[in-house]
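J.: The whole structure should be built from the sequences, with the hints applied where relevant.
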Amino acid sequence: MNLHEELLVLAGLAAALVIATTVAVILRMRAGAAQNPVLDNLSARIKAWWVMIILLTGAFLAGRHAVIVLFGLVSFAALREFITLTPTHRADQVAVFMSFFVVLPMQYWLIWIRWYGFFAVLIPVYAFLVLPIASVVFGDSKNFLARTAETQWGVMVCIYCISHVPALLTLDIPGYRDGDPMLVIFLLIVVQSSDVLQYVWGKLLGHHKIAPSLSPSKTVEGFIGGVVSATVLGTALWRITPFSPLQAAGMSLIATLMAFLGGLVMSAIKRDRGVKDWGHLIEGHGGMLDRLDSVAFSAPILFHLTRYFFTP
Amino acid sequence: MVERLVAKLITTSTRLLTGAQARWIGCAPLDTHRIYFANHTSHVDFLLIWAVLPGQLRKKTRPVAALDYWSRGAVRRYLIDSVFRGVLVSRGHVEREHNPIDAMRQALDGGASLILFPEGTRGPGGDVQPFKPGLYHLAAARPDVELVPVWIDNSYRVMPKGLPLPIPLLCSVAFGKPARLEPSEQKPEFLARMRQLVIELGKA
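Residue numbers (the numbering used here), protein chains in the order written: chain S, 1 to 312; chain V, 313 to 516.
Just so you know, these hints were derived from the structure itself, not from any lab.
A portion of the hints provided could be inaccurate.
Looking from chain S toward chain V, a few residues come up when the C-beta cut is under 7 Å (computed) [as the list claims (entries may be wrong)]: (1) Arg80; (2) Thr84; (3) His89; (4) Arg90; (5) Val96; (6) Phe97; (7) Phe100.
Here are the in silico distance ranges between beta carbons for each label pair [unchecked claim]: (8) V:Lys372 / S:Val121: 47 to 57 Å; (9) V:Leu328 / S:Thr22: 48 to 58 Å; (10) S:Gly12 / V:Asp393: 53 to 63 Å; (11) S:Phe138 / V:Gly432: 25 to 35 Å; (12) S:Val69 / V:Arg327: 14 to 24 Å.
The beta-carbon is built from N, C-alpha and C at its ideal position, and this holds for glycine as well.
T.: Structure below.
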């Protein structure tokens with residue numbers, strides 16, 4: 001892909017955000033001086049989108065290594081949120097310390113040096129065996145299985161899954177220049193727009209709750225509308241991918257479905273932990289994981305499908 | 313110059329590790345004469361308060377620290393004297409020449425605000441321990457100083473007592489409504505009331 005198409009996609013994103021910002025400003029003017037939490041939330045979200053897109057664009061322009069470092073920091077922030085909500089014991093201190101300061105840097109370093117074989121097994125083989133050993137030497141067996149499982153699941157979602165986003169840059173796809181970020185841009189646009197579009201369709205047409213005990217705000221109408229419109233958007237982006245239009249549609253559909261289901265899994269964890277406590281720890285609302293739960297579940301699937309079918 | 317660089321390095325890494333957020337619930341970060349008194353469960357506690365204060369206030373705020381701990385070794389000595397500009401007090405046995413209250417009062421008279429942990433030592437991370445009387449003596453001696461209760465959340469898990477491996481966890485520091493010693497109030501009632509202010513802030 002050439003620079004021309006990259007700039008076109010980024011200009012499209014900027015235009016979408018300008019429209020969103022304009023709509024928010026008009027809504028705010030029409031609402032007058034009255035307090036409106038929904039509008040405040042909308043403005044906060046749009047502002048966050050500006051920041052995220054500017055950061056990502058900067059990293060893409062700076063090259064492959066900058067993207068790897070950026071997602072390493074994203075993993076760090078996500079794992080910090082996950083472990084904060086996990087009741088680890090004193091005996092897990094060493095295991096948790098290693099997750100942050102050994103496993104995380106190593107996983108991203110393996111992407112940096114393109115050692116795919118080790119990258120794929122570092123966490124599921126080595127980390128998953130060594131971390132419980134680091135806990136068990138302290139001799140505290142209380143809730144041992146639950147503690148171990150929680151730490152490992154945090155490492156799985158926050159490090160292993162999220163690291164597959166920059167790993168897309170290491171795929172050796174014919175016709176792509178080295179470190180071309182277009183697959184990352186494709187994944188992020190499809191998955192994040194499916195989140196936003198599900199929210200929009202849900203607000204416009206939503207009546208039937210899809211998973212009332214897990215995520216009360218999600219509706220059947222929002223789900224169908226979001227998945228269909230994000231798939232259409234992903235198909236329209238086929239020119240920046242190695243896929244044909246039909247293949248781009250299939251990839252987008254799989255990515256959005258995984259994103260939706262991943263969102264449900266992460267909501268179940270939040271519900272189980274009593275999400276009300278979040279507000280004490282981060283000002284405003286939501287964190288890195290709220291934005292990235294859907295990406296974490298779709299990135300590894302897109303990575304492996306592309307690796308299997310589109311690389312020599 | 314070097315001191316400011318070291319201070320910047322320490323506050324930045326504390327923020328990175330804990331994502332520390334200041335929650336100004338009962339007061340604003342104003343440049344007034346204050347004693348910040350907080351619950352104490354971890355070595356990182358005073359760093360947390362120090363790191364979330366705006367730079368202008370941080371320059372004028374001095375932590376009250378234990379002489380026996382901080383006088384061990386040249387590095388600790390350098391940090392507490394030159395970087396944190398701590399007010400060192402001896403714990404346990406109080407002698408007339410080294411009265412800890414005098415040292416704190418002198419620091420206040422010099423224009424500084426103080427960070428104080430009235431439990432005296434780090435607790436086990438559960439209940440807030442009973443307060444030592446120092447806070448009362450300071451409040452009685454300098455009644456115009458604002459007493460700001462502070463609740464530090466989650467720092468126990470960052471670095472528990474006796475295990476010097478910090479793990480990154482989100483912490484927050486809540487600042488409550490400033491209090492003062494009431495004219496009719498006796499020492500035990502005052503200390504119990506101050507302790508309650510900290511505990512209630514933890515539930516807010």
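J.: A separate judgement is required for each hint: does it hold in the structure or not?
T.: How the hints compare with the structure:
1. Arg80: Where the cut-off is 7 Å and the nearest Cβ of chain V is about 5 Å from arginine 80 of chain S, the hint holds.
2. Thr84: holds, 4 Å
3. His89: Nearest chain V Cβ about 9 Å off; hint violated.
4. Arg90: holds, 5 Å
5. Val96: Holds: closest Cβ of chain V sits about 5 Å from valine 96 of chain S, inside 7 Å.
6. Phe97: Status holds, d = 5 Å.
7. Phe100: holds, 6 Å
8. V:Lys372 / S:Val121: 47 to 57 Å: Check passed, 54 Å falls within 47 to 57 Å.
9. V:Leu328 / S:Thr22: 48 to 58 Å: violated, 36 Å
10. S:Gly12 / V:Asp393: 53 to 63 Å: Given about 58 Å between the Cβ atoms, the range holds.
11. S:Phe138 / V:Gly432: 25 to 35 Å: Given range 25 to 35 Å: holds, Cβ gap about 28 Å.
12. S:Val69 / V:Arg327: 14 to 24 Å: Holds: the Cβ-Cβ distance is about 19 Å, inside 14 to 24 Å.
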